[in-house]
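The lines below spell out each chain.
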Amino acid sequence: AQSVTQLGSHVSVSEGALVLLRCNYSSSVPPYLFWYVQYPNQGLQLLLKYTSAATLVKGINGFEAEFKKSETSFHLTKPSAHMSDAAEYFCAVSWMDSSYKLIFGSGTRLLVRP
Amino acid sequence: AAGVIQSPRHLIKEKRETATLKCYPIPRHDTVYWYQQGPGQDPQFLISFYEKMQSDKGSIPDRFSAQQFSDYHSELNMSSLELGDSALYFCASSFRDIYSNTEAFFGQGTRLTVV
Chain A
24 AQSVTQLGSH VSVSEGALVL LRCNYSSSVP PYLFWYVQYP NQGLQLLLKY
74 TSAATLVKGI NGFEAEFKKS ETSFHLTKPS AHMSDAAEYF CAVSWMDSSY
124 KLIFGSGTRL LVRP
Chain D
2 AAGVIQSPRH LIKEKRETAT LKCYPIPRHD TVYWYQQGPG QDPQFLISFY
52 EKMQSDKGSI PDRFSAQQFS DYHSELNMSS LELGDSALYF CASSFRDIYS
102 NTEAFFGQGT RLTVV
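If you're matching them up, the sequences are chains A and D in order. Read in order, the letters of the first sequence correspond to residues 24 to 137 in our numbering. Read in order, the letters of the second sequence correspond to residues 2 to 116 in our numbering.
So here's chain A without its partners, still in its complex pose:
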């Protein structure tokens, strides 16, 4: 069965430090991969997506992610954290043969210390 695992329910970094949020997937067919951000009481905003083109994907707000098939990973990074990056981040996968519905990971709450 396809699934998504996000390692670490909470990640805390200092402002200006590297952000690394981990996501691994399990799939028997090539997936589409996404990172969404959710601010408190808000909807889900797409940060970036991988759809079988370039393996290094650049998104909004300085985030990027690299698809590594051999590691079944799609980790999210940002070189320098900003206070405004504090939010909940969800990794998600979808598949063409599964009506493209999104399967979400359990989420990682990013805390940014001043």
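Treat the hints as calculated values from the structure; they're not laboratory data. Mixed in with the good hints, there may be bad ones.
To be verified - EDC-like cross-link-like pairs, simulated, lysine to aspartate or glutamate; straight-line CA separation at most 20 Å:
hint	chain 1	residue 1	chain 2	residue 2
1	A	72	A	89
2	A	81	A	111
3	D	14	D	72
4	D	53	A	120
5	A	81	A	108
6	D	58	D	43
7	D	58	A	120
8	A	72	D	104
9	A	72	D	86
10	D	53	D	72
11	D	53	D	104
12	A	81	D	72
13	D	58	D	104
Please arrange chain D on chain A, whose structure you already have, making use of the hints.
Using the frame of chain A, we list chain D on its own:
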């Protein structure tokens, strides 16, 4: 740019009542998805529609039903509400052609509180 519109934004209902949540997709989007996000949980897929036909079904209780209308808006009907139905309900829309599917764009959600 137009986004996904959900109404109402907040809804308070008593146990055993019914609720109807509405979703207006982005213009020209033909696919609608419904998700339920409980407190501190990740969003869970409920049901989806493509071109007004149900295309997939997830962990949606039998007490819930949904449909997509001719103008592509969708409604999620929830009956015999239970305390456990309290959650944030998201609608998302996308455009699907024979080759691929655009990413799903999410609405701001409807927060349902059952008391």
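Each hint tested on the structure:
| no. | hint | in the structure |
| --- | --- | --- |
| 1 | 72/A - 89/A | holds (10 Å) |
| 2 | 81/A - 111/A | holds (19 Å) |
| 3 | 14/D - 72/D | violated (28 Å) |
| 4 | 53/D - 120/A | holds (19 Å) |
| 5 | 81/A - 108/A | holds (16 Å) |
| 6 | 58/D - 43/D | holds (17 Å) |
| 7 | 58/D - 120/A | holds (13 Å) |
| 8 | 72/A - 104/D | holds (8 Å) |
| 9 | 72/A - 86/D | violated (31 Å) |
| 10 | 53/D - 72/D | holds (9 Å) |
| 11 | 53/D - 104/D | holds (19 Å) |
| 12 | 81/A - 72/D | violated (35 Å) |
| 13 | 58/D - 104/D | holds (19 Å) |
The structure fails hints 3, 9, 12 (numbered hints given earlier, in ascending order).
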